[in-house]
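Its first residue numbered 1, the sequence shown is counted upward by one per residue in full-length UniProt numbering.
Just to be clear, a hint being listed does not mean it is correct.
Here are the simulated DMTMM-like cross-link-like pairs (lysine to aspartate or glutamate), alpha carbons at most 20 Å apart as the crow flies [said to hold, decoys possible]: (1) Lys-893 with Asp-771; (2) Lys-729 with Glu-508; (3) Lys-361 with Glu-84; (4) Lys-742 with Glu-673; (5) Lys-558 with Glu-537; (6) Lys-742 with Asp-676; (7) Lys-458 with Glu-528; (8) Lys-264 with Glu-218; (9) Lys-442 with Glu-218; (10) Lys-442 with Glu-456; (11) Lys-774 with Asp-733; (12) Lys-418 with Glu-429; (13) Lys-133 with Glu-429; (14) Lys-774 with Glu-727; (15) Lys-783 with Glu-906; (16) Lys-391 with Glu-409; (17) Lys-527 with Glu-470; (18) Lys-802 with Asp-676; (19) Lys-226 with Glu-200; (20) Lys-139 with Asp-419; (21) Lys-114 with Glu-415; (22) Lys-133 with Glu-415; (23) Lys-50 with Glu-102; (24) Lys-114 with Glu-343; (25) Lys-114 with Asp-422; (26) Lys-421 with Glu-438; (27) Lys-134 with Glu-456; (28) Lys-134 with Glu-438; (29) Lys-807 with Glu-727; (30) Lys-114 with Asp-419; (31) Lys-50 with Glu-74; (32) Lys-361 with Asp-259; (33) Lys-742 with Glu-650; (34) Lys-478 with Glu-540; (35) Lys-478 with Asp-734; (36) Lys-742 with Glu-343; (37) Lys-418 with Asp-430; (38) Lys-807 with Glu-782.
Because the hints were derived from the structure by calculation, they are not lab data.
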Amino acid sequence: MVARLDPLGISTGDPVSSGDWHGGLRAFASEAVIRQHVRFDEADMDRVFKLPSTTFIGEKEKALPLREILNRLEQAYCNNIGIEFMFINSLEQCNWIRQRMEPPNVTKMSNDQKRLILARLTRSTGFENFLAKKWSSEKRFGLEGCEILIPAMKQVIDTSTRLGVESIIMGMPHRGRLNVLANVCRKPLHQLFTQFAGLEAEDDGSGDVKYHLGTYIERLNRVTNKNIRLAVCANPSHLEAVDPVVQGKTRAEQFYRGDNEGKKVMSILLHGDAAFVGQGVVFETMHLSDLPAYTTHGTIHIVVNNQIGFTTDPRHSRSSAYCTDVARVVNAPIFHVNSDNPEAVMHVCNVAAEWRATFHKDVVIDIVSYRRNGHNEVDEPMFTQPLMYQKIRKTKPVLEKYADQLIVEGVVTAEEVKDVKDKYEKICEDAYNQAKQETHIKYKDWLDSPWSGFFEGKDPLKMSPTGVVEETLVHIGKRFSSPPPNAAEFEIHKGLLRILKARMEMVENRTVDWALAEAMAFGSLLKEGIHVRLSGEDVERGTFSHRHHVLHHQKVDKATYCPLAHLYPDQAPYTVCNSSLSEYGVLGFEVGYSVTNPNALVLWEAQFGDFNNVAQCIIDQFISSGQAKWVRQSGIVLLQPHGMEGMGPEHSSARLERFLQMSADDPDYMPPESPDYEVRQLHDCNWIVANCSTPASLFHILRRQIALPFRKPLILMTPKSLLRHPECKSSFDDMVDGTTFKRLIPEEGPASENPSNVRKLAFCSGRVYYDLLKQRRDRGLEKDIAIARLEQISPFPYDLIKAEIAKYPNAQLVWSQEEHKNMGSWSYIEPRFRTLLHNQKQIWPKSNSRGGWFSQLFGKPEPAQTDTQTETVPRTISYNGRATAASPATGSKAAHNKELRNLLEEFCVL
1 MVARLDPLGI STGDPVSSGD WHGGLRAFAS EAVIRQHVRF DEADMDRVFK
51 LPSTTFIGEK EKALPLREIL NRLEQAYCNN IGIEFMFINS LEQCNWIRQR
101 MEPPNVTKMS NDQKRLILAR LTRSTGFENF LAKKWSSEKR FGLEGCEILI
151 PAMKQVIDTS TRLGVESIIM GMPHRGRLNV LANVCRKPLH QLFTQFAGLE
201 AEDDGSGDVK YHLGTYIERL NRVTNKNIRL AVCANPSHLE AVDPVVQGKT
251 RAEQFYRGDN EGKKVMSILL HGDAAFVGQG VVFETMHLSD LPAYTTHGTI
301 HIVVNNQIGF TTDPRHSRSS AYCTDVARVV NAPIFHVNSD NPEAVMHVCN
351 VAAEWRATFH KDVVIDIVSY RRNGHNEVDE PMFTQPLMYQ KIRKTKPVLE
401 KYADQLIVEG VVTAEEVKDV KDKYEKICED AYNQAKQETH IKYKDWLDSP
451 WSGFFEGKDP LKMSPTGVVE ETLVHIGKRF SSPPPNAAEF EIHKGLLRIL
501 KARMEMVENR TVDWALAEAM AFGSLLKEGI HVRLSGEDVE RGTFSHRHHV
551 LHHQKVDKAT YCPLAHLYPD QAPYTVCNSS LSEYGVLGFE VGYSVTNPNA
601 LVLWEAQFGD FNNVAQCIID QFISSGQAKW VRQSGIVLLQ PHGMEGMGPE
651 HSSARLERFL QMSADDPDYM PPESPDYEVR QLHDCNWIVA NCSTPASLFH
701 ILRRQIALPF RKPLILMTPK SLLRHPECKS SFDDMVDGTT FKRLIPEEGP
751 ASENPSNVRK LAFCSGRVYY DLLKQRRDRG LEKDIAIARL EQISPFPYDL
801 IKAEIAKYPN AQLVWSQEEH KNMGSWSYIE PRFRTLLHNQ KQIWPKSNSR
851 GGWFSQLFGK PEPAQTDTQT ETVPRTISYN GRATAASPAT GSKAAHNKEL
901 RNLLEEFCVL
């Protein structure tokens with residue numbers, strides 16, 4: 001409450017409850033606060049007291065006078081560092097902190113350490129000054145006011161490196177990013193300055209603004225003389241969205257290195273004060289910190305506390321005493337420190353790095369500072385914070401304060417200070433001149449996850465086969481359908497025994513359902529050395545109780561068995577993990593995991609596809625556009641349970657239309673056909689959207705993710721009722737060696753035997769196929785209506801659809817879907833069908849046998865004609881499905897059934 005944390009001297013203690021954040025320095029002394037409830041006289045002050053074992057203010061002394069006890073406590077807790085740790089429910093950890101914060105002169109630095117701080121502070125300040133001089137009207141989101149961040153980060157890295165860390169993954173907002181890239185990562189300055197030149201990109205993609213880009217650097221740490229890898233993850237303006245991505249990337253790197261305790265790889269997250277307290281994903285990410293399948297064994301959080309958001313002061317931006325209070329829920333110690341005391345900041349950084357290395361838990365450094373300019377360099381902060389900025393205008397930069405201090409102490413001379421400053425300015429000038437020689441921006445220089453050796457030597461349009469020899473399918477199927485080897489001691493639920501028995505019967509009959517096909521896809525990849533990670537809410541069992549990848553002993557806690565982890569002695573690891581009840585945070589985590597290593601299949605499953613809208617920020621900013629903005633590929637798979645089955649508006653639709661809307665293929669352009677048509681389309685798209693109707697399609701499309709010579713996200717609508725539908729099964733014949741994924745499954749029944757007599761060709765996708773199939777069978781229309789299934793909707797399989805349409809020259813074309821007209825696939829497929837059909841003509845006999853086609857198309861009765869006349873007309877496709885609606889589905893089962901009946905009745909009209 002009384003630590004002097006604010007370098008502006010505006011706020012001392014709690015800015016929310018005090019109500020006088022702009023009201024000037026509160027006039028009470030620390031001593032008065034500490035002693036306000038106790039009466040001392042002079043004799044008491046000189047009494048000697050034995051020190052308890054839980055304090056370390058005495059170093060080797062066992063007893064001290066009360067006056068000295070109070071003075072030492074005030075020195076530790078009422079100076080420029082404020083520590084929150086008493087809520088931690090471990091006496092060992094609390095004493096550990098006291099031991100490093102309470103002894104006298106604990107923040108004292110050697111002269112060499114002071115000179116190093118000054119040099120780093122000079123570079124941090126000099127970089128901002130140089131940018132301000134060269135690009136005064138450009139947005140830079142500079143660090144002015146918190147220049148100490150750079151020495152602080154370098155101190156954390158130095159200490160962590162000394163303690164064994166070899167790789168550090170960082171995430172941060174835009175403020176200070178360029179300075180971090182330049183002076184923490186040591187990214188070549190000319191590459192940074194090129195970003196200001198307005199050049200075109202050399203690489204494909206749309207690119208991003210300079211303060212969103214990431215990097216990856218391997219260099220020597222000159223202080224510890226050890227090599228260190230530093231990565232800063234690219235991120236959007238959506239504050240804190242990068243937090244879980246960094247954690248996923250860190251966890252993945254720890255996994256592939258075999259760093260099970262996080263001793264070699266760690267993460268640092270930088271935050272703004274307003275975002276740290278305001279963005280819910282911070283809480284979601286914090287709660288992953290100790291979960292077994294998600295922990296990164298401790299993250300160091302550094303808050304650049306400007307004491308202001310964009311224009312909002314803390315009284316209006318939070319209800320908690322401090323912006324860091326969210327960290328208390330995971331027992332993370334919080335160190336508040338005044339940014340204008342560089343030595344206190346360095347001490348806190350050392351302690352935080354040591355804490356993380358000792359306890360492998362999160363820790364927070366709250367650097368209380370200010371923002372010298374507005375939200376950006378061209379913003380006027382006096383509009384909304386006049387009193388604060390009057391104070392800021394009169395406040396000397398920390399570099400000047402610290403240089404003056406060291407000159408007075410005799411650590412450096414004024415000439416030495418100027419010499420360090422001039423040398424760095426010359427470095428910047430040389431880089432500036434070098435940047436002038438560049439003609440293009442090379443975004444590959446900004447990759448935060450380089451995949452060494454993955455692309456080299458590959459034909460970018462050649463795909464490996466996805467079929468698998470039957471012996472492998474049988475082996476995986478039998479292992480997946482069997483109880484644990486020690487079945488006599490491992491008691492399985494009786495219901496599971498029935499499920500395993502049914503699976504074994506399918507294997508013996510050379511048949512697979514959805515769950516078995518998925519397991520065979522995973523198992524065959526594991527056999528090939530591909531790590532598979534499946535994550536999400538309740539994925540171990542499966543929300544619909546279909547998967548059962550983890551079997552539980554019915555009488556022994558924590559005794560489990562995962563069949564897919566025990567298929568082959570030399571297989572790749574299989575990770576299946578139930579996540580916290582989080583979409584935004586967990587999906588971000590899996591995205592970070594997926595970009596670390598291309599030779600892994602990383603999947604996130606929504607409990608119901610509808611819930612992906614809570615993760616929309618990750619989907620929009622990282623998955624759909626990540627490659628275009630940051631040249632960063634990801635092969636992540638999103639499994640989205642989807643289907644209109646009368647379960648109400650929040651358990652029906654995975655919002656297929658949103659994914660299709662964000663597909664970047666041009667609806668007015670039909671790619672020319674070529675032998676590598678399928679792979680070329682996939683290469684050029686931003687992601688793949690599919691709604692499969694057979695287990696074989698699922699098997700192949702999952703394996704295709706790894707078979708491709710590049711990586712693309714896969715958005716996969718998955719079923720619910722079809723998981724057990726008797727007709728939703730596939731034969732081994734559709735999965736064995738030589739078979740492939742079918743982007744379109746053509747009609748294979750009686751209608752295909754005499755295509756010229758077929759009167760309607762219906763295209764559909766996903767589970768509605770089985771409703772249409774049953775309706776056609778019940779109405780005896782197998783020869784009149786052909787049904788083709790789009791298994792892959794985007795990129796749009798023009799070549800296969802064109803061939804299917806040509807096969808049925810006299811058929812009306814219709815798109816059937818179960819979703820409402822303004823949802824589902826219709827708005828995506830309709831303009832693409834129009835493009836495909838634009839030059840396709842059909843010869844119709846001019847008679848009334850067209851079933852009202854003329855009046856449907858032109859809105860008027862057709863003229864009288866003779867049967868011998870013909871006309872050439874363009875073919876069109878019509879819509880068959882639910883009408884438009886605001887909600888994805890009705891909540892009434894009766895209304896649902898009525899809508900479905902209408903859809904199927906319309907489907908049968910010829």
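Right, here's what the structure says about each hint:
1. A threshold of 20 Å between alpha carbons decides the hint, and for Lys-893 with Asp-771 the separation of about 16 Å falls inside it, so the pair holds.
2. For the hint linking Lys-729 to Glu-508, the alpha-carbon distance of about 14 Å falls within 20 Å, and the restraint holds.
3. With a C-alpha separation of about 15 Å, the suggested pairing of Lys-361 with Glu-84 holds against the 20 Å cut-off.
4. Taking the CA atoms of Lys-742 and Glu-673, the gap is about 17 Å. The hint holds against a cut of 20 Å.
5. Restraint check for Lys-558 and Glu-537: the C-alpha separation of about 19 Å stays at or below 20 Å, so the hint holds.
6. Restraint check: the Cα-Cα separation between Lys-742 and Asp-676 comes to about 15 Å, which is no more than 20 Å; the hinted pair holds.
7. A hinted pair counts as satisfied when its Cα atoms are at most 20 Å apart, and Lys-458 with Glu-528 qualifies at roughly 18 Å.
8. Between Lys-264 and Glu-218 the alpha-carbon distance is near 14 Å, which keeps this suggested pair within the 20 Å criterion.
9. The suggested pairing of Lys-442 with Glu-218 holds, with an alpha-carbon distance near 19 Å, which does not exceed 20 Å.
10. At most 20 Å may separate the alpha-carbon atoms for a hinted pair to count; Lys-442 and Glu-456 meet this at roughly 18 Å.
11. At roughly 24 Å between alpha-carbon atoms, Lys-774 and Asp-733 are farther apart than 20 Å, so this suggested pair is violated.
12. Between Lys-418 and Glu-429 the CA atoms are separated by roughly 16 Å; this keeps the pair inside 20 Å, and the hint holds.
13. Our distance criterion of 20 Å between C-alpha atoms is met by Lys-133 and Glu-429, whose separation comes to about 11 Å.
14. Only pairs whose Cα atoms come within 20 Å are accepted, and Lys-774 paired with Glu-727 is accepted, the gap being roughly 10 Å.
15. Distance check on the hinted pair: Lys-783 and Glu-906 sit about 17 Å apart at the alpha-carbon level, within 20 Å; holds.
16. Of the pairs offered as hints, the one joining Lys-391 and Glu-409 is violated, with about 27 Å between alpha carbons and a cut-off of 20 Å exceeded.
17. For the suggested pair Lys-527 and Glu-470, the alpha carbons sit about 14 Å apart, so the restraint of at most 20 Å is met.
18. Simply put, Lys-802 and Asp-676 have alpha-carbon atoms about 17 Å apart, close enough for the 20 Å limit, and the pair holds.
19. Pair hint Lys-226 plus Glu-200 does not hold up; C-alpha atoms about 37 Å apart against a cutoff of 20 Å.
20. Between Lys-139 and Asp-419 the CA atoms are separated by roughly 29 Å; this puts the pair beyond 20 Å, and the hint is violated.
21. The straight-line distance between the Cα atoms of Lys-114 and Glu-415 is roughly 16 Å, inside the 20 Å bound, and the hint therefore holds.
22. Restraint check for Lys-133 and Glu-415: not satisfied, since their Cα atoms lie roughly 23 Å apart, outside the 20 Å limit.
23. Taken as a hint, the Lys-50 and Glu-102 pair is honoured in the structure, with Cα atoms around 16 Å apart against an allowance of 20 Å.
24. A threshold of 20 Å between alpha carbons decides the hint, and for Lys-114 with Glu-343 the separation of about 8 Å falls inside it, so the pair holds.
25. Using a Cα cut-off of 20 Å, the hinted pair Lys-114 and Asp-422 holds, with the two alpha carbons roughly 19 Å apart.
26. A distance of roughly 27 Å separates the Cα atoms of Lys-421 and Glu-438; the hinted pair therefore is violated under the 20 Å criterion.
27. Among the hinted pairs, Lys-134 with Glu-456 is inconsistent with the structure: their alpha-carbon atoms are about 39 Å apart, more than 20 Å.
28. At most 20 Å may separate the alpha-carbon atoms for a hinted pair to count; Lys-134 and Glu-438 meet this at roughly 17 Å.
29. For the hint pairing Lys-807 with Glu-727, the CA-to-CA distance comes to about 26 Å; that exceeds 20 Å, so the pair is violated.
30. Annotation: proposed proximity of Lys-114 to Asp-419 holds, straight-line Cα distance about 16 Å (limit 20 Å).
31. Between Lys-50 and Glu-74 the alpha-carbon distance is near 18 Å, which keeps this suggested pair within the 20 Å criterion.
32. Taken as a hint, the Lys-361 and Asp-259 pair is honoured in the structure, with Cα atoms around 15 Å apart against an allowance of 20 Å.
33. A distance of roughly 31 Å separates the Cα atoms of Lys-742 and Glu-650; the hinted pair therefore is violated under the 20 Å criterion.
34. About 19 Å separates the Cα atoms of Lys-478 and Glu-540, which keeps this hinted pair within 20 Å; it holds.
35. For a cut-off of 20 Å, the pair hint linking Lys-478 to Asp-734 stands: about 18 Å separates their Cα positions.
36. Distance check on the hinted pair: Lys-742 and Glu-343 sit about 65 Å apart at the alpha-carbon level, beyond 20 Å; violated.
37. A distance of roughly 18 Å separates the Cα atoms of Lys-418 and Asp-430; the hinted pair therefore holds under the 20 Å criterion.
38. Of the pairs offered as hints, the one joining Lys-807 and Glu-782 holds, with about 16 Å between alpha carbons and a cut-off of 20 Å not exceeded.
Consistency with the previously given hints fails for numbers 11, 16, 19, 20, 22, 26, 27, 29, 33 and 36, ordered from lowest to highest.
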